[in-house]
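Asker: Below are the chains, spelled out letter by letter.
Protein chains: 2
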Amino acid sequence: MSLIDHTHSPSAQSWVDSANAADTDFPIQNLPYGLFRRAGSNESARVGVAIGDQILDLRLAAAAGKWSSSVQVLLQPLADGNLNAFMGQPSAARLELRHALFDALLAGSKQEAALRACLLAQAEAQMAVPCRIGDYTDFYTGIHHATTVGKLFRPDNPLLPNYKWVPIGYHGRSSSIGVSGGTVRRPLGQLKSPDAEVPVLAACKRLDYELELGVFVASGNELGTPIPMEQADEHLFGVTLLNDWSARDVQAWEYQPLGPFLAKNFATTISPWIVTMEALEPFRVPFSHPAEDPQPLAYIDSPRNRAEGGYAIELEVWIQTEKMRAAGEPATRLMRSNFKHAYWTLAQMLTHHASNGCNLQPGDLMGTGTQSGPEAAEGGSLLELSLGGKQALTLPNGETRTFLQDGDTISLRGYAETSNLAGGARRIGFGDCSATIVPAPQD
Amino acid sequence: MSLIDHTHSPSAQSWVDSANAADTDFPIQNLPYGLFRRAGSNESARVGVAIGDQILDLRLAAAAGKWSSSVQVLLQPLADGNLNAFMGQPSAARLELRHALFDALLAGSKQEAALRACLLAQAEAQMAVPCRIGDYTDFYTGIHHATTVGKLFRPDNPLLPNYKWVPIGYHGRSSSIGVSGGTVRRPLGQLKSPDAEVPVLAACKRLDYELELGVFVASGNELGTPIPMEQADEHLFGVTLLNDWSARDVQAWEYQPLGPFLAKNFATTISPWIVTMEALEPFRVPFSHPAEDPQPLAYIDSPRNRAEGGYAIELEVWIQTEKMRAAGEPATRLMRSNFKHAYWTLAQMLTHHASNGCNLQPGDLMGTGTQSGPEAAEGGSLLELSLGGKQALTLPNGETRTFLQDGDTISLRGYAETSNLAGGARRIGFGDCSATIVPAPQD
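Protein sequence lines, in the order shown, are assigned to chains A and B. Counting in this note's numbering, the first sequence runs from 3 upward without gaps. Counting in this note's numbering, the second sequence runs from 3 upward without gaps.
Derived by calculation from the structure, the hints in this document are not laboratory data. A virtual CB, placed ideally from N, CA and C, is assigned to each residue, including glycine. Please note: incorrect hints may appear among the correct ones.
To be verified - Residues from chain A that keep clear of chain B, each with C-beta distances beyond 10 angstroms, as calculated:
1. Gly152
2. Pro201
3. Asn361
4. Leu395
Said to hold, decoys possible - Simulated pairs of lysine-lysine, DSS-like, Cα-Cα distance not exceeding 27 angstroms:
5. A/Lys194 to A/Lys207
6. B/Lys194 to A/Lys166
7. B/Lys207 to B/Lys392
8. A/Lys207 to A/Lys392
9. A/Lys194 to B/Lys153
10. A/Lys153 to A/Lys325
11. B/Lys325 to B/Lys166
12. B/Lys194 to B/Lys112
13. B/Lys153 to B/Lys207
14. A/Lys153 to B/Lys325
15. A/Lys207 to B/Lys153
16. B/Lys166 to A/Lys166
17. B/Lys392 to B/Lys194
18. A/Lys194 to B/Lys166
19. A/Lys153 to A/Lys392
20. A/Lys194 to A/Lys153
21. B/Lys325 to B/Lys342
22. B/Lys325 to B/Lys153
23. B/Lys153 to A/Lys153
24. A/Lys112 to A/Lys153
25. A/Lys166 to A/Lys342
As the list claims (entries may be wrong) - Label pairs and their computed distance ranges (CB to CB):
26. A/Ala300 to B/Pro441: 42 to 52 angstroms
27. B/Val287 to A/His291: 17 to 27 angstroms
28. B/Pro160 to A/Asn159: 14 to 24 angstroms
29. A/Ala204 to B/Ala378: 35 to 45 angstroms
30. B/Asp408 to A/Pro288: 55 to 65 angstroms
31. B/Ser46 to A/Glu98: 39 to 49 angstroms
32. A/Ser46 to B/Pro157: 54 to 64 angstroms
33. B/Pro160 to A/Thr402: 19 to 29 angstroms
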């Protein structure tokens, strides 16, 4: 599947004009899946594909379009709003639908007339969590994040001895995962400052975001049956942005010995469009550990993982405070980084997760952990950028931040660009992953 | 609800004869819910109530019995196999159905003739996980377990400073929860002995069980809205036995800094019948922390929790090795303990979980953590009973165990007895929670 097929041609254009804009996240080469309903309607949610600033409604398109019988079968669960059933299909079937949708949306397609009636402007849609997420696991593949944060929590022992051997992960909370565009309520929690004798229940004072990617599981595995590295890619469906909101003061007091719990499970925000592995194929990059580091054990190593296990995805965090919003000032960028710095690949996360026989299921979500770059300014959380709250950031309007204040909107953005391909640049974007902090309830 | 209503009368008898046996787990005072199908059939699963050695099939009973219109409405989702919908009902509605089922199964009921045709012998049923478990959280309320295990993992620092303030918990894996009667495959995992330079992938050598209770959430809460202690009981549905299988060698190497992951998520086994809070009502006991310990913060304290937040439930672990099975020897008991030793109550677990606004949903499962008693012989895991593997247990047939071997069957058992009530003893049991270890896959 390393061949660049025609769905990756940077020069391909769609009959949906907005998909041809240079700055769109959703050109015809992307075709991510999401779950939506018309805003304000009581319609049942249905699966759509983002194209430019529009959504191709797959319920309408399944009925109105001309499709091969095998594509018609693939469209059926999507028309019913059941993305999980499609996620569990073999990768060849998923690729078949991608090709059919690409051809149907391509400029000059005979399907244009029929499918134009199946479009809804994204501005008129209300997005939902795209699939049923049975289990959510968060990994810790950002070694620069792990090192910087480790120094704050354990000055003597920042990077634990297992880090370079084990793709460290832990279970997260599925129920509190939401899509971009909502609010996040500042949590109450037990807080104990180092010099206090006893903890108190109070509103979190060190509220933070974490810049991550989320990868969705395609077909799963039977309980007791590991997934070898050679088959890992087959089990990966696609990627979203993921904000792992974190209450740092709660975390510091509660996290030993069983890991973060209430410091994390009050909210996780994802971008609503799942960008498929097929769309990300041109952005694969070689993967390796530094030569002086331990090399991966055999069960999480493979020639393909070394040749192209990584993905070059630009990542950014933006902030707009309440004051900025009131003054009509746009969001300002806090940092940028790239997923290519991750210490473990998506395939290694998946294979490690199933290495003990743990059964993964279509629609399960795995976070990558915070994707900080190697430079101090590339920290993927305020905890890093403010040096544990010791050094405030100054925003362009003069406001300062160590941690988040009520009214702050945080937006994650991400994209990959095909400037390394012949035929011009083409951006595969993730859309927006944003949410706004609202005040804590009374304690 | 502290009044002992007629469904708790120890002298009540059922027209189902086996429910009147002194040693049954399922007298008419119990009436736990489970999901079943006729063994070997292709029937869709339906909800039933255990009564003696029989199951009252609620699909058949909804059609054949005479019920008030409000009970008929409550029975409908159960007849459809959807326990979650019933779990989300208010406690008054759940109690109404309990009363209706109790009256219908009581000796002398006019419903006997109609409902006799709705019974299936438990021996002919195949049980399933009783509801959709959206999220599974495991707590750590066993202070004797936490202290003993803490000594093994952190000799200098057995009980961390947060333990007596925070009902410590972490997220577990929903997908690998199974019901009693199956097998558990020994997991592969990264193992690193303290004197080895590098880890290896190999079959777990320190496979263990953990004796826990699991409590199911009834109605949930909106994201961002905590559940006060005064309302906690309303949100608890019922209890099962829970075996939190654990790979101790995997755990020791992987668990820092984010907690146990692959050491736990290969399997969790629960007993198939959810014993409702209504059935357990007579076994509530006063709850307090020792006077010299910190007292609970206000958000996890209430007069009712102090007066009767605990539950006196006897707990046991039994083992039958392959050799014992081959020789026709019965299982032998490894330990016994009681849930009344828990350091936090079920209500405190729930309220703490939602204290940051985390949304709980009907059918979510919370494990209590390992319920070891205060004595060394009351350890709820082999890690404790074998002093970290240093001292083997000798079984009656001369076999020894530090950790589990392939072919071992572990059974958890639990019951509460009404010997403290007037009118004779009556046992409310949990049924069996057992599984047998099968060999690891090839690494």
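Asker: Just pull the numbers of the violated hints for me, sorted ascending.
Answerer: 1, 2, 3, 10, 11, 12, 14, 15, 16, 21, 22, 24, 26, 27, 30, 31 and 33
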